[in-house]
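Model the full assembly from the supplied sequences, consistent with the hints where possible.
Protein chains: 2
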Amino acid sequence: MKRKGMLVIISGPSGSGKGTVVKNLNPQKGYALSISLTTRKKREGEIDGKDYFFCSKEEFIKKRDQNELLEHAEFCGNLYGTPKSYVDSQIANGKAVILEIDVEGALQVREKFNDCVLIFLIPPNIQELRNRLVGRNTEDSLTIERRLTRAEQEVKFIYEYDYLVINNEIEKTVESIDAIIEAEYLKPHRNIDDIENFNNN
Amino acid sequence: MKRKGMLVIISGPSGSGKGTVVKNLNPQKGYALSISLTTRKKREGEIDGKDYFFCSKEEFIKKRDQNELLEHAEFCGNLYGTPKSYVDSQIANGKAVILEIDVEGALQVREKFNDCVLIFLIPPNIQELRNRLVGRNTEDSLTIERRLTRAEQEVKFIYEYDYLVINNEIEKTVESIDAIIEAEYLKPHRNIDDIENFNNN
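Here the protein sequences line up with chains A and B, keeping their order.
Residue numbering for the first sequence follows numbering that gives the first Met the number 0, starting at 0 and increasing by one per position.
Residue numbering for the second sequence follows numbering that gives the first Met the number 0, starting at 0 and increasing by one per position.
Note that these hints are calculated values from the structure, not bench results.
The C-beta atom is built at its ideal place from N, Cα and C for all residues, glycine as well.
Treat each hint with caution, since some may be false.
[Claimed, not checked] Label pairs and their calculated CB-CB ranges:
#1 B:Asn196 <-> A:Asp192: 36 to 46 Å
#2 B:Asn196 <-> A:Lys22: 20 to 30 Å
#3 B:Asp87 <-> A:Glu159: 48 to 58 Å
#4 B:Lys28 <-> A:Lys22: 48 to 58 Å
#5 B:Ile46 <-> A:Asn23: 44 to 54 Å
#6 A:Lys22 <-> B:Arg42: 53 to 63 Å
#7 A:Asp64 <-> B:Asn196: 37 to 47 Å
#8 A:Lys22 <-> B:Glu45: 48 to 58 Å
#9 B:Lys28 <-> A:Gly93: 50 to 60 Å
#10 B:Ser140 <-> A:Glu67: 56 to 66 Å
#11 A:Ser88 <-> B:Arg39: 56 to 66 Å
#12 B:Asp47 <-> A:Ser88: 38 to 48 Å
#13 B:Arg42 <-> A:Asn25: 42 to 52 Å
#14 B:Asn23 <-> A:Gly76: 51 to 61 Å
[Unchecked claim] Which bits of chain A does chain B cover? Going by a derived footprint, with three or more residues having C-beta under 8 Å, they are:
#15 123-129
#16 159-166
#17 175-189
[Said to hold, decoys possible] Once the Cα atoms are required to be at most 27 Å apart in a straight line, the calculated DSS-like pairs of lysine-lysine come out as:
#18 A:Lys3 <-> B:Lys171
#19 A:Lys28 <-> A:Lys56
#20 B:Lys186 <-> A:Lys28
#21 A:Lys1 <-> B:Lys155
In structure tokens form, the structure reads like this:
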């Protein structure tokens, strides 16, 4: 019998390096990225069903109202959400589906999807976070201060998460996430078939 | 600040291979074995404080009554128990303390020691367990049947455990246990200092 996968949520403040970490997860270890549904216009080079699922505002609202989205939010006038059907099909296919999302979205998902694993990623300290944000050279100082304040607020939710990974080195962080997933696959409730198999043979 | 260790309980039916697994855990990864207190006579070659802590029946009962044992049981007229002070000192020293114990003992420990990790080890199925017990050639068929019945009873408690590891190959099993411990160290409640450090720097 094929092993079911699981939903893995990765959150962390802007500058925690979560995007890089997610890119470095090895797909051969059974990871799949969640794909968002969005009403934003498709940009050149983007592929529907790979980068995003693109749809109209009406379709989005219909899916939302039919409870087909695990979470949803608005950014700059566009709607974004996580389609439950895609996550479900990947899990049935044995994948650990990675969903990179902010704290608010993560807590929305956990309410609708009980069996998910929440990982919080942080840099070693606020000073390091500031350095990373300044080093990017893409935001003005007001934006950086706003992001740091937001980071401090988000960190208050760490105890809602299952795991905390301090992102010092990318290789070590990826190893930690691999270990978390490996351990999660060993929880008894994910191995009901094996337990029954043991008893019946 | 030094990272605190944790108490790791490994249970599994006779023939599950838990003894071999425990022997194969790499001490350099921060494992330490729990040492039992016993009233049994010291055998030749055994070292007090290494193989066991040896003591008189009176001393044992005193420790038990003063709640200094995490669990205790009687075998063949001798008393055996797990001294809390030794486990505490190893944990303070950053060790993952391994306690190999039966289901009954494990559940006794969990009541007294909230923050422990329970791992249940089983062979792939009862037939394999029977083969292993027969292959040992040390027990008569009545004893083997009794052990198999006991295994079936113990397996009912799997859902009281945090993890289930199917012991197919020793190397893979040891890797699984390493992953479990690595993941457990990443739980937020084991990283309160890092979280405070993040907020204060």
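Going down the list of hints, with the structure as the test:
1. B:Asn196 <-> A:Asp192: 36 to 46 Å: Between B:Asn196 and A:Asp192, where Cβ atoms are some 42 Å apart, the hint holds.
2. B:Asn196 <-> A:Lys22: 20 to 30 Å: 27 Å, holds
3. B:Asp87 <-> A:Glu159: 48 to 58 Å: Violated - the Cβ-Cβ distance for B:Asp87 and A:Glu159, about 29 Å, lies outside 48 to 58 Å.
4. B:Lys28 <-> A:Lys22: 48 to 58 Å: Cβ of B:Lys28 to Cβ of A:Lys22: about 29 Å, so the range 48 to 58 Å is violated.
5. B:Ile46 <-> A:Asn23: 44 to 54 Å: At 47 Å between Cβs, range holds.
6. A:Lys22 <-> B:Arg42: 53 to 63 Å: Given about 58 Å between the Cβ atoms, the range holds.
7. A:Asp64 <-> B:Asn196: 37 to 47 Å: At roughly 44 Å between Cβ atoms, B:Asn196 and A:Asp64 fall inside 37 to 47 Å, so the hint holds.
8. A:Lys22 <-> B:Glu45: 48 to 58 Å: 54 Å, holds
9. B:Lys28 <-> A:Gly93: 50 to 60 Å: 29 Å, violated
10. B:Ser140 <-> A:Glu67: 56 to 66 Å: 58 Å, holds
11. A:Ser88 <-> B:Arg39: 56 to 66 Å: For A:Ser88 and B:Arg39 the Cβ distance comes to about 58 Å; the hint holds.
12. B:Asp47 <-> A:Ser88: 38 to 48 Å: 60 Å, violated
13. B:Arg42 <-> A:Asn25: 42 to 52 Å: 50 Å Cβ-Cβ, so the 42 to 52 Å window holds.
14. B:Asn23 <-> A:Gly76: 51 to 61 Å: With Cβ atoms ~58 Å apart, the hint holds.
15. 123-129: holds (count 4)
16. 159-166: Per the Cβ count (6), the hint holds.
17. 175-189: It holds, with 11 qualifying residues against the three required.
18. A:Lys3 <-> B:Lys171: Roughly 20 Å separates the two Cα atoms, so the pair holds.
19. A:Lys28 <-> A:Lys56: With Cα atoms ~36 Å apart, A:Lys28 and A:Lys56 exceed 27 Å; violated.
20. B:Lys186 <-> A:Lys28: 22 Å, holds
21. A:Lys1 <-> B:Lys155: OK: A:Lys1 and B:Lys155 at ~23 Å, within 27 Å.
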